[in-house]
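Chemist: Sequence:
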Amino acid sequence: MWRRLKGVFRRGALPQQGAEDLFRRKYALFQELLASNAENLDLIADMEEKLRGHAIFGTAYVRSAAARAVFHTHRMVRALEGLSGGKYPALAPVLEELSGRIREEIQERTQGPAKELVLPYRGIDRNCLDLVGAKNANLGEVRNKVGLPVPEGFAITTSAFRLFMEYNDLPEEISKLQMEILPQDPHSLTRTSEEIQRRILLARIPPEMERAILEAHRSCLGEGRQRVSMRSSATGEDMGGLSFAGQYLSSLNVPLEQMLQTYKIIVGSLYTPRAISYRLHKGIRDEEQAMAVACLEMVEARASGVIYSLNPSDPLDSRIWISAVWGLGPYAVGGVITPDTYLVERSGEVPKVEARVSRKPLMLTCRPGGGLLELPVEDALMEAPCLSTEQVLELARYALLLEEHFGGPQDMEWTLDPQGRLLILQCRPLALSGRAWRRTLLSSGPLESHRLILQGDAVACPGVGSGPAFHVHSEEDLSRFPQGAVLVAHQPSPKFMLALPRAQAVLTDHGSITGHMASLAREFSVPTIVDLKEATRLIPQGMIVTVDADSGRVYQGRVAELLDGRAPPQPLMVGTPVHRVLQRVAQWIAPLHLVEPNSPDFRPEACRSLHDIMRFVHEVSYGEMFKISDLVSEETGKSVRLRAKLPIDLHIIDLGGGFREANPGEKEIGLGQIASLPLMALLRGMTHEGLLSQEPRPVEWRGLFSVMTEQMLTNPLASERFGERSFAIVSDKYMNFSSRVGYHYGVLDTYCGQTLSKNYISFSFQGGAADDIRRNRRARAIARVLEELGFCVEVRGDRVTARLQKRDRAALEEKLDLLGRLLIFTRQIDMLMHSDGAVETVSRAFLEGDYGCKALLG
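In my numbering, the protein residues as written are 679 to 1536.
Please keep in mind that the hints were generated in silico from the structure rather than gathered at the bench. Nothing here was measured: the structure is a model prediction, and the numbers come from that model. Misleading hints may appear alongside valid ones.
What the hints assert, rightly or not - Below, computed lysine-lysine pairings styled on DSS-like, alpha-carbon distance capped at 30 Å: (1) Lys1030 / Lys765; (2) Lys1030 / Lys854; (3) Lys942 / Lys1211; (4) Lys942 / Lys854; (5) Lys793 / Lys942.
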């Protein structure tokens, strides 16, 4: 009796309300930790892509990315402190030291702010990004490096923005106002936004700034009162790392006398409710944001539209997509008018053009005194094409030149002026550019001269590699991985770092491009395709393959034309000062050194980068959540009992969203009232008709006698037997399930949602009523099943632990269903484990649906 009482105290019985509050607090902290981990993995993937040198970025990007990485790592560490009760005090000083090194690199390696208040377009290119913002810098590249026509004009710089803000003491005022925002009160965000914008509109333009703008207008656009289009060009906008689409304002056909007031309106759009909320959720400080403005000659457009160098409605269609309307461009994208559409083939001496001409009854034009005016289109033009075939082909040529220069698909705005000139108004990376670009390559068709084995678009690192396939299932496989082989595995693991220096390529059945292994592959520049589903099945050991990770394809044999003939596009940014700054900063953020959780070096003091801290926190956080089940005891209240035909007495604690139609104070609920996705999936397995309809298993008398003898000799009072209650702590997407059945104890912790990087299953099973040998065989049989289901598994004695991560929701629901079956299936197999051969027989019986193990005794 005393030993049983000690067991209750060890499990930590808690007061009713205290236990429920603790569960909720731990769950909230865990969700916060997972969210920041996902944000940082995306950020590191984007940073590593920037390091390849093809995307334009400035020091504002470096500062913002570094600040966000530090912010989210701090949040992960704080969340772990709350989860664990402060068990890892060494993390905070390591994080502080790394944060200090990052600050030093940025402060020492970046130049002081430029002083130019305005800059004409003839002097703008990618090196001016911090001074003029991404939109201006891209357009300057189009004009000065690619040589395509753009309207005349100039940029009002970020230096001018800072002068304007400081001149009116706005930074301090805005900071104070934003402190009044209450996360739980959306109206406080709206009130603050309106007040900030009001103060910006009432502020004065500094005299020297006003003179600079008016002089730039005269020198760039002539002595007349030429009207302009004024477009936002904020730092961070159109850079690919963050999407600010639709956040900021632009204004067309602005008269000279309204330029200064329009400038203030555009600056004020930095503080719309949605822009403030976006920065808050992304961990972006106001200091990292600055607004430059593009001031372009207003073109009296005959026609305007948009070019996508990739068909946006079908990424597998490689044709160039051009839309066109009469007059100004907003009607081309605003849904007011259905535009003409032209689809242009990429190849051929005279590329084929498919024209889809629509009826266009209205057009947008410039009002003589400023602003815009809607007019009816002439009857003769309503159903006439806006562009000739020659003009369509010229725009397609522009698209290909810009795609080649910027190294990926582009989204461009164009206009046709009264003299018949086609001008580019804006150029930015097409949304989903990385994946879409690979799909474009896919759409060109595989090489017909070689057998295509697999293709996919989850490319973690582009490139081409070839060699014999080598399957990796264990650490022993990694230790003997041969030089020049292609690593093929069921799922990615940071442990692959041991083989990456020797690998030609990596292929996995599952995985994510933002995972730890994907980051390592980019660091080592190893062509890698993940989530191929069937790589391990379709590529046998030793087969020579060529991995074309540029297009997401895997061919049988060595493909010389891919290995010898593909020259990578020239990186724009490599060698520039800002690229060197990113390299220096990234060394403290992106590399991953902590790859083996069982290593003695897997500890806070060994973390040498933010990625190391993320990896450590992420790994140990699962263990902390796993321990939630240890806090549950029979004294825990606020639980309801499940009415169901189950061999366990299941009690459920709802953290929020786990039940439907459950009344307060209700003591029991039925299966139909469960709303928790993971619990529903688990219960589907536990109530599977194949299990419930089974007759009693054949009795293996030696096994039964062994179990009975073991209990009589070693445990006559059953003092070590677990309690008969089982518990599930659930929300709509989360579950911590602890099953206590007889002498078996299983714990399952899972998150099953839409975000791939958050999804996981952790599972542990131990105990048994038989002797040590039979319990170990049972553990090995369960491990064999879990390995077949794709889990990473470890067996120690009679304990099995397993982990599955980063699978989509449907895959996790399938695994949870099977785990539910496995929990019921394993209840009485101890007595069947009479020989080592039973390990394979029992595991095979489960996998084949023979839940009665009828094949075991023949």
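Chemist: Going through the numbered hints above, which ones does this structure break? Give me the numbers in ascending order.
Modeler: Hints 1, 2, 3 are the ones this structure does not satisfy, whereas the remaining hints hold.
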